[in-house]
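Spelled out, the chains give:
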Amino acid sequence: MANLRPLVIAREFDLARDTLRELNSFLHRRAAVEGVSQIHVKNPDGAHSIACGLNADLDVQIHGHVGYYVAGMNQHASVTVHGNAGPGAAENMMSGRVHVTGFASTAAGASAHGGLLVIDGDASLRCGISLKGADIVVGGGVGSFSAFMAQAGRIVICGDAEDALGDSLYEAVIYVRGKVRSLGADARFEAMTDTDRAAVKSLLAAAGFDHDPAQFQRVASAKSLYHWHADADQEY
Amino acid sequence: MCGIVGLLLKNPALRDRLGALMVPMLVGMTERGPDSAGLAVYTSPVGDERHKLSLYSGANAVEWSQVLQGIAEAFAGDETHDLTPLGNHAVLTSTADPVRLAAWIARHQPDVAVLSVGRSIDLYKDVGAPADIAARYRFETLQGSHLVGHTRMATESAVTPAHAHPFTAGRDFCLVHNGSLSNPHLVRKHLEPLGIEFETDNDTEAACRFFEWRLREGDDLETAVRHGFRELDGFYTFLMGTDRELLIVRDAFACKPAVVAETDDYVAIASEFRSLAHLPDIGAAALFEPKPEEIYSWRI
Chain A
2 MANLRPLVIA
12 REFDLARDTL
22 RELNSFLHRR
32 AAVEGVSQIH
42 VKNPDGAHSI
52 ACGLNADLDV
62 QIHGHVGYYV
72 AGMNQHASVT
82 VHGNAGPGAA
92 ENMMSGRVHV
102 TGFASTAAGA
112 SAHGGLLVID
122 GDASLRCGIS
132 LKGADIVVGG
142 GVGSFSAFMA
152 QAGRIVICGD
162 AEDALGDSLY
172 EAVIYVRGKV
182 RSLGADARFE
192 AMTDTDRAAV
202 KSLLAAAGFD
212 HDPAQFQRVA
222 SAKSLYHWHA
232 DADQEY
Chain B
186 MCGIVGLLLK
196 NPALRDRLGA
206 LMVPMLVGMT
216 ERGPDSAGLA
226 VYTSPVGDER
236 HKLSLYSGAN
246 AVEWSQVLQG
256 IAEAFAGDET
266 HDLTPLGNHA
276 VLTSTADPVR
286 LAAWIARHQP
296 DVAVLSVGRS
306 IDLYKDVGAP
316 ADIAARYRFE
326 TLQGSHLVGH
336 TRMATESAVT
346 PAHAHPFTAG
356 RDFCLVHNGS
366 LSNPHLVRKH
376 LEPLGIEFET
386 DNDTEAACRF
396 FEWRLREGDD
406 LETAVRHGFR
416 ELDGFYTFLM
426 GTDRELLIVR
436 DAFACKPAVV
446 AETDDYVAIA
456 SEFRSLAHLP
466 DIGAAALFEP
476 KPEEIYSWRI
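Line by line, the protein sequences give chains A and B.
Just so it is clear: in the first sequence, position 55 is 56 by my numbering, and no numbers are missing.
Just so it is clear: in the second sequence, position 101 is 286 by my numbering, and no numbers are missing.
Quick caveat, the hints were computed from the structure, so don't treat them as lab data.
Because the structure is a prediction, the values reported are computed rather than measured.
Certain hints may be false.
[Unchecked claim] With a Cα cut of at most 20 Å, we get these calculated EDC-like pairs of lysine to aspartate or glutamate:
{"no.": "1", "chain 1": "A", "residue 1": "K43", "chain 2": "B", "residue 2": "D466"}
{"no.": "2", "chain 1": "B", "residue 1": "K476", "chain 2": "A", "residue 2": "D164"}
{"no.": "3", "chain 1": "A", "residue 1": "K202", "chain 2": "A", "residue 2": "D121"}
{"no.": "4", "chain 1": "B", "residue 1": "K195", "chain 2": "B", "residue 2": "E447"}
{"no.": "5", "chain 1": "A", "residue 1": "K43", "chain 2": "A", "residue 2": "D15"}
{"no.": "6", "chain 1": "B", "residue 1": "K374", "chain 2": "B", "residue 2": "D418"}
{"no.": "7", "chain 1": "B", "residue 1": "K374", "chain 2": "B", "residue 2": "E341"}
{"no.": "8", "chain 1": "A", "residue 1": "K202", "chain 2": "A", "residue 2": "D161"}
{"no.": "9", "chain 1": "A", "residue 1": "K43", "chain 2": "A", "residue 2": "D60"}
{"no.": "10", "chain 1": "A", "residue 1": "K133", "chain 2": "A", "residue 2": "E172"}
{"no.": "11", "chain 1": "B", "residue 1": "K476", "chain 2": "A", "residue 2": "E163"}
{"no.": "12", "chain 1": "B", "residue 1": "K476", "chain 2": "A", "residue 2": "D121"}
{"no.": "13", "chain 1": "A", "residue 1": "K224", "chain 2": "A", "residue 2": "D187"}
{"no.": "14", "chain 1": "B", "residue 1": "K476", "chain 2": "A", "residue 2": "D161"}
{"no.": "15", "chain 1": "B", "residue 1": "K195", "chain 2": "B", "residue 2": "D466"}
[To be verified] Quick partial rundown of chain A residues pointing at chain B, CB under 7 Å, derived from the structure:
{"no.": "16", "residue": "D46"}
{"no.": "17", "residue": "G47"}
{"no.": "18", "residue": "L126"}
Using N, Cα and C, we set each Cβ at its ideal position, and we do this for glycine too.
Could you put the whole structure together from the sequences, leaning on the hints where they help?
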């Protein structure tokens, strides 16, 4: 029987030679037209907005560290950073997959609506701030104010969390394996159900981690801030 | 928004390349700070009871030879003076008391500003694009053990050379800042009754004078910074230099970025990795982001 695997046509950009605009323009307008499905990016050297705004089923492999907003607003594409990411990695992602093999700076996955963000190392402060439906799996720990006002989606933290985890959470759910220095306002630990353990198991598998789901705790909203309390102490 | 860069050479063999290694770091931060730039470089200390003063004349026409002559006449006797001019900048080296020298310059050479005083520090700052300022003062030729640099995008006070960073206070101490303080006037109100004078309305100057005051009160730099956690309100990544030390600290919310790269040969600090990417052996460097309210320092 003939080999049914689709043919991978690859293309390489070297940002020491090619401009960022040439790269992003190719990813937006030419890659799908030319049938190129895998794009390698060399010497990213901390450039901003690499592979932002993609809207096609592309496999983008970035070999080195990137700056602000890598793979922001991603749809459909799989973007892998073989290195560290600056602030706002995969911010406002709609679908697809973004994988950072090193650490990610502040506000990773901010406001992301869908897709999966995997960070093998640590994520800095405000990871998953205002999350709107995406899944985030962090292999290391997360900084303070992570999942602040997160509305929907799931965050799996394999390491520790710093201060104010899940402050003012809405319907997003956090699963954390390590220590939590402090919970934010209205966030609380809740019992893990079979559904939670199954969710953690599948997210860990999707992210390539091998932890026992039984080691995770669930953090969700106590929903005490959902309604205005006229009698509450209103001093700020 | 602003850009900060710092470089400390652990390997003394690299010290004649300090400026050459740094210029791409500073120019790499142009988008974060296109309106002004500055640099404090720490050289081998001058001996024989001498001090160095970095002088700056801006757009004023100053005959540096006449400045030196005036100083030689005013501070006669056993004192020796030397002046190395470069355009609107000069480094005065003198055995005279630096406080009296600075006071004499303020009184008799009103077109000349004293940017720094110390035994190791040379200070440069001006308005304009970082690459132009680096070329103007031949930054690529600078030699020394460590440096503190800044590119500025003004947010809270005017674009003038005096408002550019680094700020200095006392001797061999400087500070650069990415961020904005919300209580600089309160800090100033606490310091002015102690006899501490301010040169600008800039928020960073308040922080600089606060830390230098703490150092004079006997704090080491780390203790001074811990006092700053209580006194200074606002957003900051501060990078500070003394003749022996480079220190970085970020506020509790870590709103302003910073990346550190460390190898056996150097410690390099920048607001973003793109200012570090050109450094030798960067691929083998240990990279990390300073955590909020954690103090990181390195000594030569």
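Evaluated hints:
Proximity of A:K43 to B:D466 is assessed by CA-CA distance (about 17 Å); at most 20 Å being required, the pair is judged to hold. For a cut-off of 20 Å, the pair hint linking B:K476 to A:D164 stands: about 12 Å separates their Cα positions. Of the supplied pair hints, the one linking A:K202 and A:D121 holds, its CA atoms being roughly 16 Å apart against a limit of 20 Å. Between B:K195 and B:E447, the direct Cα distance comes to roughly 10 Å. Compliance with the 20 Å bound is thereby established for this hinted pair.
Proximity of A:K43 to A:D15 is assessed by CA-CA distance (about 5 Å); at most 20 Å being required, the pair is judged to hold. For the hint linking B:K374 to B:D418, the alpha-carbon distance of about 14 Å falls within 20 Å, and the restraint holds. Taken as a hint, the B:K374 and B:E341 pair is honoured in the structure, with Cα atoms around 18 Å apart against an allowance of 20 Å. A threshold of 20 Å between alpha carbons decides the hint, and for A:K202 with A:D161 the separation of about 18 Å falls inside it, so the pair holds.
Between A:K43 and A:D60 the alpha-carbon distance is near 14 Å, which keeps this suggested pair within the 20 Å criterion. At most 20 Å may separate the alpha-carbon atoms for a hinted pair to count; A:K133 and A:E172 meet this at roughly 9 Å. For the proposed pair B:K476 and A:E163, the alpha carbon gap of about 11 Å is at most 20 Å, so the pair holds. For the suggested pair B:K476 and A:D121, the alpha carbons sit about 18 Å apart, so the restraint of at most 20 Å is met.
Between the alpha carbons of A:K224 and A:D187 the distance comes to roughly 7 Å, so the proposed pair stays at or under 20 Å and holds. A distance of roughly 14 Å separates the Cα atoms of B:K476 and A:D161; the hinted pair therefore holds under the 20 Å criterion. For the hint pairing B:K195 with B:D466, the CA-to-CA distance comes to about 14 Å; that is within 20 Å, so the pair holds. Interface restraint check: A:D46 against chain B, minimum CB-CB distance 4 Å, threshold 7 Å, status holds.
A distance limit of 7 Å between C-beta atoms decides the matter here; for A:G47 the minimum to chain B is near 3 Å, and the interface restraint holds. For A:L126, the interface hint holds, since its Cβ comes within 7 Å of a Cβ in chain B; the closest pair sits about 5 Å apart.
Every hint from the earlier list agrees with this structure, and none is contradicted.
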